[in-house]
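Residue numbers (the numbering used here), protein chains in the order written: chain V, 1 to 157; chain Y, 1 to 395.
Hints should not be assumed to be uniformly reliable.
To be verified - Pulled from the structure, derived: some chain V residues nowhere near chain Y, Cβ distances all over 10 Å:
id: 1; residue: 11
id: 2; residue: 16
id: 3; residue: 53
id: 4; residue: 64
id: 5; residue: 70
id: 6; residue: 90
id: 7; residue: 108
id: 8; residue: 113
Unchecked claim - Just the calculated beta-carbon pair ranges, DEER-fashion:
id: 9; chain 1: Y; residue 1: 27; chain 2: V; residue 2: 16; range: 56 to 66 Å
id: 10; chain 1: V; residue 1: 59; chain 2: Y; residue 2: 166; range: 46 to 56 Å
id: 11; chain 1: Y; residue 1: 167; chain 2: V; residue 2: 51; range: 38 to 48 Å
id: 12; chain 1: V; residue 1: 7; chain 2: Y; residue 2: 77; range: 42 to 52 Å
id: 13; chain 1: V; residue 1: 17; chain 2: Y; residue 2: 329; range: 26 to 36 Å
id: 14; chain 1: V; residue 1: 17; chain 2: Y; residue 2: 323; range: 24 to 34 Å
Said to hold, decoys possible - Chain Y regions said to be covered by chain V (calculated; three or more residues, Cβ under 8 Å):
id: 15; stretch: 197-210
id: 16; stretch: 280-290
Rather than coming from a laboratory, the hints here were simulated on the basis of the structure.
Just so it is clear, CB atoms sit at the ideal spot from N, CA and C, and this is done for glycine as well.
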Amino acid sequence: MSEPYLPAGLPTPVPERNGLSAPFWQGAREERLKVQRNPRTGVYQWPPQWIAHDTQTFELDWVEVEPKGVIYSWTRVWHPVHPALKDACPYIVVVVELPHAGGVRMLGNLLGDPRQEVVIGAPAEAVFEHHNDADPTFTLVQWRRADGPFDRPAGNL
Amino acid sequence: MSERSLRGKVAVAGVGETPYYRHGQSPDPEFVLCLKAILAACGDAGIDPRDLDGFASYSNDRNDPPSLATALGTHELRFSNMQWGGGGGGGAGAMANAAAAIVGGLADCVVVYRALAQGQFGRFGQGPRVSTVSGDSGLTVPYGQMSPAQYYAPKAMRFMHEHGIGQEALRAIALASYHHAQANPRAVMHGRPLTEEKYDESRWITEPFHLYDCCMENDGAAAVILVSAERARNLKQTPTYVLGAAIGAGYRVHSTQAGFATPDLASSHFKEVARHMYDMAGVAASDVDVVQCYENFTGGVLMALVEHGFFAPDQAMDFLKLENLIAPTGKLPLNTSGGNLAECYMHGLELQIEAVRQIRGQSTSQVPGADVSLAVAGPMVTPVSTILFGSEAAL
């Protein structure tokens with residue numbers, strides 16, 4: 001297993017006790033990208049919510065969407081604010097828009113050279129970064145450029 | 001104009017501050033700082049502290065009204081109010097809530113206050129020291145996205161991308177604060193000027209924010225006393241009237257953590273809020289003489305100035321030049337005490353006080369004849385708030 005983008009020691013993401021986001025985290029373990037959708041109107045929403053913002057139904061579906069998107073914005077972090085990141089800077093955080101899923105936006109790291117030029121509007125694809133040694137285990141949805149110099153596989157993540 | 005308005009009905013009677021300290025350097029506990037600032041404001045107003053009957057704050061201030069009222073011996077506690085939202089988004093909102101309480105007859109003499117002693121209670125700009133995260137934090141913290149600078153950077157980055165705005169615009173905002181701090185002996189950065197070179201050479205915190213684009217963290221306290229306009233006219237100080245105020249956020253702005261999902265990401269969230277404020281005040285952006293705009297990060301100031309109508313996004317590079325932003329000669333003097341970047345990070349209540357000083361003619365970087373003075377609280381935070389003050393002549 002290749003190295004995760006950021007070093008170990010950050011807080012582990014876990015679904016809430018009430019399970020609101022559990023389908024997303026389970027989906028990521030299975031390398032499937034899942035978001036919520038209103039079954040009646042087809043309106044997607046992200047991050048997880050109890051209620052559909054358009055019709056106020058509590059009956060939301062979890063649907064699998066194609067794990068790709070477009071870089072909408074970004075930041076490159078140079079100043080660590082957590083001890084686990086002391087030697088991890090810089091690293092890149094991207095906001096990725098999913099046009100085929102109603103334009104919902106997700107947040108992740110942009111894999112590859114942390115000093116690379118980040119291009120707003122560039123296509124990106126999801127990479128499922130498994131943390132199999134963590135307790136509990138989890139998988140992060142990460143992103144890499146789906147064009148240009150960064151289209152090589154990022155190891156066997 | 002609607003009958004339901006704050007315009008001209010409430011005035012600032014007194015302002016007070018403790019000395020401002022670097023974070024962790026306060027010799028006093030936070031509660032004592034808070035009491036000292038309130039007493040200073042009472043002294044400035046010529047009001048007996050026991051006659052305060054309302055307390056309003058924001059950002060989950062730890063000094064609760066019953067404790068303050070008890071300590072001060074106030075005769076009666078009639079109004080205790082906390083504006084929702086973290087950071088400085090509620091600074092003008094707490095003022096507006098206090099004013100609304102006075103107009104609505106809930107209280108007669110309300111103090112708005114904020115106190116911070118970070119040596120006692122820990123700092124803001126640090127990530128969580130926990131073993132697990134859930135909810136919106138679960139979608140950000142594992143990616144190393146966990147401080148205010150990191151949460152808000154993509155908003156500014158997108159805005160700058162959409163409108164072709166360069167780093168020089170942010171730099172001018174930082175330079176303006178530092179410029180004004182050099183005239184202000186209260187400022188923590190007094191005697192420590194900033195130059196273009198020093199800004200350019202400063203380290204990145206998180207792009208597009210250099211070190212000097214980010215607010216300080218400080219210890220201290222500030223307080224502002226509001227009373228009815230009629231009463232203010234009989235007190236010590238020249239009244240500074242509330243012309244208009246508004247609190248809020250746009251469509252589906254999400255939590256701070258999940259701010260990445262906000263449909264209008266490239267916004268400081270003042271589009272509707274500023275309009276409501278101007279509508280109540282009955283003035284336009286062109287009537288504003290001087291602006292205090294909360295600098296959590298300069299990128300938020302950039303967007304807030306646009307959303308308050310001072311210039312179009314595509315004019316930002318021309319407008320945001322140091323000469324335009326400094327008192328007394330600039331087109332739009334900005335953060336004339338040094339603000340959060342260079343005076344003190346008192347969660348923006350120091351900016352409310354500076355807005356009042358401009359109306360009174362007491363600023364260390366006074367704008368001549370300032371009659372309309374704007375104080376913008378916490379851009380990019382949700383909810384945000386904004387307030388416009390005026391002199392007697394502005395009524």
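Hints and how they fare:
Listed as a non-interface residue, residue 11(V) fails to keep its Cβ farther than 10 Å from every Cβ of chain Y; the least gap is roughly 4 Å. The non-interface label for residue 16(V) is inconsistent with chain Y: the shortest C-beta to C-beta separation is roughly 5 Å, within 10 Å. Against the 10 Å criterion, residue 53(V) falls within the reach of chain Y, whose nearest CB is about 6 Å from its own CB. Residue-level check passed: residue 64(V) sits 18 Å from the nearest beta carbon of chain Y, beyond 10 Å.
For residue 70(V), the non-interface assignment is confirmed: its Cβ lies about 12 Å from the closest Cβ of chain Y, beyond the 10 Å cut-off. With a closest Cβ-Cβ approach of about 8 Å to chain Y, residue 90(V) is found to fall inside the 10 Å limit, against its non-interface label. Its beta-carbon lying about 6 Å from the closest one in chain Y, residue 108(V) breaks the requirement of being farther than 10 Å from that chain. Every CB of chain Y lies more than 10 Å from the CB of residue 113(V), the least distance being 15 Å, so the non-interface label holds.
Distance hint for residue 27(Y) and residue 16(V): a CB-CB separation of about 42 Å, inconsistent with the stated range 56 to 66 Å. Separation of residue 59(V) from residue 166(Y) is about 48 Å and conforms to the stated range, judged on CB atoms against 46 to 56 Å. Here the CB-CB span from residue 167(Y) to residue 51(V) is close to 41 Å, well matched to the stated 38 to 48 Å. Separation of residue 7(V) from residue 77(Y) is about 51 Å and conforms to the stated range, judged on CB atoms against 42 to 52 Å.
Taken as a hint, the range 26 to 36 Å is violated for the pair residue 17(V) and residue 329(Y), whose Cβ atoms sit roughly 59 Å apart. Taking the beta carbon of each, residue 17(V) and residue 323(Y) are about 57 Å apart, not inside 24 to 34 Å as hinted. Note: the stretch 197-210 of chain Y has 6 residues with beta-carbon separation from chain V under 8 Å; the three-residue rule is met and the coverage holds. Counting residues of the stretch 280-290 of chain Y whose C-beta sits closer than 8 Å to any C-beta of chain V gives 0, which falls short of three, so the coverage hint is violated.
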